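Asker: Here's the letter readout for the chains.
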Amino acid sequence: MRKLIWDRGQKDRRGYRIAKSQTPAVSIEKLLGDDYSKDSLDLPEVSELDVVRHFTFLAHHNFSVDSNFYPLGSCTMKYNPKINDVASNMAGFRDVHPLAIEALQGSLEVMYQTQEYLCKISGMDAVTLQPLAGAHGELTGLMLIQAYHRDHGENRDEVIIPDSAHGTNPASAAMCGYKVVEVKSKDGMVDVKELRKKVSNKTAALMLTNPNTLGLFEKDICEIEKIVHDAGGLIYYDGANLNALMGIATPGDMGFDVMHFNLHKTFSTPHGGGGPGSGPVGVKKILEPYLPKPVIVKKEHKVLLDYDRDRSIGKVASFYGNFGVVLRAFVYMTVLGKKGLEDASQMAVLNANYLKVLLEDVLDIPYSQGAMHEFVASSHHQELTALEIAKALLDYGYHAPTVYFPLIVSEALMIEPTETESPETLEEFAKTLKEILKNLETSKNAPHMMFIKRTDEVKAARHPILTRAQMLENK
Amino acid sequence: MSKIPSELRYTRTHEWVKVDGDKVIVGITDYAQSELGDVVFVELPSEGDDFEAGSEIATIESVKGVSEIYAPADGVVVEVNEELENVPELINEDPYKDGWVYTFKVEDMSVLEDLLTADEYEAVIKKEE
Amino acid sequence: MYTPHTAQDLKKMLDLLKIESIEELYKEIPKEVRLDTRTWDFPEGKSESEALRILKDFEAKNLNLTTFIGLGVYDHEIPSAVWALAGKAEFVTSYTPYQAEASQGMLQAIFEYQSMIAEITGMDVANASVYDGATALAEAMIMAVGDKRKYKIAVSMGVNPLYREVLATYAKAIGIEIVWLPLKNGQTDFLMEIEGEVSAYIMQQPNFLGFVEDTNAFRIKKEQANSLGVVSINPILNTVLRKPVLYGADIVCGEGQSLGIPINSGGPLLGFMATTRKLMRKLPGRIVGMTTDQDGKTAFVLTLQAREQHIRREKASSNICTNQALNALAATVYISLLGPKGLKEVAQSSINNTHYLAQELEAIGVEICRLNPFLMEFPVKIPQDKIGFLRETLLSRGFTPPINLGEFKSECKESQDLTDMYLLCATEKRTKAEIDAFVAVWREIYA
Chain A
1 MRKLIWDRGQ KDRRGYRIAK SQTPAVSIEK LLGDDYSKDS LDLPEVSELD VVRHFTFLAH
61 HNFSVDSNFY PLGSCTMKYN PKINDVASNM AGFRDVHPLA IEALQGSLEV MYQTQEYLCK
121 ISGMDAVTLQ PLAGAHGELT GLMLIQAYHR DHGENRDEVI IPDSAHGTNP ASAAMCGYKV
181 VEVKSKDGMV DVKELRKKVS NKTAALMLTN PNTLGLFEKD ICEIEKIVHD AGGLIYYDGA
241 NLNALMGIAT PGDMGFDVMH FNLHKTFSTP HGGGGPGSGP VGVKKILEPY LPKPVIVKKE
301 HKVLLDYDRD RSIGKVASFY GNFGVVLRAF VYMTVLGKKG LEDASQMAVL NANYLKVLLE
361 DVLDIPYSQG AMHEFVASSH HQELTALEIA KALLDYGYHA PTVYFPLIVS EALMIEPTET
421 ESPETLEEFA KTLKEILKNL ETSKNAPHMM FIKRTDEVKA ARHPILTRAQ MLENK
Chain B
1 MSKIPSELRY TRTHEWVKVD GDKVIVGITD YAQSELGDVV FVELPSEGDD FEAGSEIATI
61 ESVKGVSEIY APADGVVVEV NEELENVPEL INEDPYKDGW VYTFKVEDMS VLEDLLTADE
121 YEAVIKKEE
Chain C
1 MYTPHTAQDL KKMLDLLKIE SIEELYKEIP KEVRLDTRTW DFPEGKSESE ALRILKDFEA
61 KNLNLTTFIG LGVYDHEIPS AVWALAGKAE FVTSYTPYQA EASQGMLQAI FEYQSMIAEI
121 TGMDVANASV YDGATALAEA MIMAVGDKRK YKIAVSMGVN PLYREVLATY AKAIGIEIVW
181 LPLKNGQTDF LMEIEGEVSA YIMQQPNFLG FVEDTNAFRI KKEQANSLGV VSINPILNTV
241 LRKPVLYGAD IVCGEGQSLG IPINSGGPLL GFMATTRKLM RKLPGRIVGM TTDQDGKTAF
301 VLTLQAREQH IRREKASSNI CTNQALNALA ATVYISLLGP KGLKEVAQSS INNTHYLAQE
361 LEAIGVEICR LNPFLMEFPV KIPQDKIGFL RETLLSRGFT PPINLGEFKS ECKESQDLTD
421 MYLLCATEKR TKAEIDAFVA VWREIYA
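From first to last, the protein sequence lines are chains A, B and C. The numbering of the first sequence is the working numbering, which starts it at 1 and goes up by one. The numbering of the second sequence is the working numbering, which starts it at 1 and goes up by one. The numbering of the third sequence is the working numbering, which starts it at 1 and goes up by one.
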């Protein structure tokens, strides 16, 4: 039976004691009257060693970039350099309160410098670091687009999104009250003819990922840009796949007006099991007045928080962004520099193309043209489903690729090796996939070697047990 | 091959409709449930709520997807199948009987004549397949 | 840096691809958008030691102050074990646990986190966390509007002003009208009449001035309006406060930074959200559930995913996909170490320190605002002729100056004027000696 942390404890056992209070005791009961609660809480009572054993055990049952090849398409699971961790543990940054403005100059300078770097990499004119994740950046970007059109007296209520897009694109657009208009792909890319039919004076924006989720560069980008801009719409760049383009091409030069970065993808900050991420937003001059407050600006050698922005959309987060994540990205860009960034993108693209060729006789590759940093394979003609392949890979110590995405490819396996893997790792991976497709019987019921076998997701969703209290009730 | 009972009427959005006096009983078709897979949750309307034809009236969730049920005509919800709250799998097991979703009092019964017959519905799903 | 490719590797790879140079891989990119790296103005790379020197220079520009302020983020003790465990690379460098079989560690930790948050908030279920306290409240607002379908909400002016600004930004983009409920004598006027129907009443307990709100008035109005009750709480203080569900909360959310997470110049923080069983399927974000594997063994999985953007796309309950998993894990370790008694001791000790600070300041003639009971934060009134010098002196002696409440936007004219009002806080981490030294500076200015 799996032990929860509660199960390791005993009543009255303690794992940590705070310093003894040296100031006079206040009677909270008297202070609060009816608003006081004496209720004891059903929380673990464990020693420090119990806690250490428990979470060390959990760590041992978790795949990670540090322990496993993690070719999860669209997520850019590159290596997270250790110097980044050193930086984020520096007490001078870590312990400063964001409202102690006078104490924050160093942090503000790091943020300002990061904005500058991101502008150079993206070809944008200004960047805000406030959005706390990619999807949060998307939402912020759409709010900027909305504010821009409102400010220009235009009532545009449609956002055009390709059918290959990430699910967050339509979800973010819908959150801002936009009607989502889907544009179909042709040969894996935006069908320009159809796009022309879909734009109108209702078009607020087109959201585009480039390279797109199939790993293909939208080669008609200049024409796409013209079509949308001529109709009075703006173009949004989903920065999920920026890792292909650092030092190669910029969204700014491609004509994009607004974009978000995923620092946890392109700029090597760790994914942390699902977060924290960071989703800075870059804009061209025309959108700069609408950036969230406060804007971090430099005036006479001093970096300041500028709140005096009357056209700003307002705040989108408590403070100035996920500073601890921004700091890591800053270190990454500093260490890599011009050549390093270009090299990272080049090796990411080379690795993806190399692995694609190695897999050509193993899986279907529905779009055979040149891939960028990732590619989509399909097991449509194989005897194993994408899910079965994914689960079988786990037994060999590989994290699975992204499966069943993008939606326009059946039995899709989206593979992104990233630049930090060696060719040997890619060769081994290809060999393993061949083996998996040979050993059909074993593969079909995989995984066999993991801590658990396949899970009953129907049961989990039908009768949800989301807390320990619900678990006990259920027994 | 999915079941399409001939005595029922159908919508293009894969609901079945059975006329019962001055009201109708509505559920999703066998084809719809097999496309959705294991149903895990059904969000039901409240009794007495009124809806316009074509508006969302209930939501059916499976592990891999979500499907809306739309009102077949203007009308008022009379009764909902509360059993589905605890046993959503009834929709998979018996979509045409125990898996019914709601009964509905339709303002103008004549609009129901526009619904599909079993043969017409069969043609619709053939096309989708 | 960090790319392993040797010259031989490159040759082998290019040969297999039957190309001469890497440049050929970029042939799909139109020439007119190719970046010319010769003119690309980006600094050259640095060695690790050079990079660390740059960092130290920036770090030195921050001031190392003893913190006597809060307003949403607090300087609490953090046990060493918290980040020794949460910082393990197996957690730090993993992705969202989509592959359950390979992610049981993180999934179980999040299940435990959800259980603890449900227990502390007094609600049935919690999600796997959202970005921060402000966005948690914004998501709660959206959730309430999605449930009740009225694009109008009532928000107390006692809610943290930074959160109010975020709510206003989201509300404007979505098309939600906010009715602001004014603060009068330090408490929210919940009984104010509102025209039309609202989806939710939103309050914060204790409010941002540190005062305990009139929860009975909140409950009465929320019930009369047949709307949802949304309460933003402080998880440490909630261990001694009446549970929000007893005064009508349907959604409880807040900032979890107090639970073992450094202030980090403002982020990353930890937004938590909890709700009733009834509204469970409307909760945004990731949720972990318990189930079994093929052999009947206990297993954890991401569940209720039909609500989420990757399945529902434009019909999703929110666009959110990131949670703050690593910070949620840190909070889980923190809560485990402190336990039920330890958490209450943190609350008790912080309240003791804050009240001692208030008394000591009052004794030297500082005007403390005592309109209502306060816990870990309180407002003071500082005359304009004193504040400038006080700020400077506090900074030069290594203390944070108080937060100026007059600087925040007031969305509601009827709400009480906060000009010349400042906010102070003393957590359990402050020693008596630190508090005395802090007060000594005020004594000089007030003498």
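Careful, some of the hints might be misleading.
[As the list claims (entries may be wrong)] Going by beta-carbon spacing under 8 angstroms, a handful of chain B positions derived as facing chain C: (1) Glu61; (2) Gly65; (3) Val66.
Bear in mind the hints are in silico, worked out from the structure with no lab data behind them. Fair warning: this is a prediction, and the values are worked out from it, not measured in the lab. All residues carry an ideal CB built from backbone N, CA and C; glycine is no exception.
Asker: Now look at each hint and say whether the structure bears it out.
Answerer: Checked hints:
1. Glu61: holds, 4 angstroms
2. Gly65: Holds, about 6 angstroms.
3. Val66: Status holds, d = 5 angstroms.
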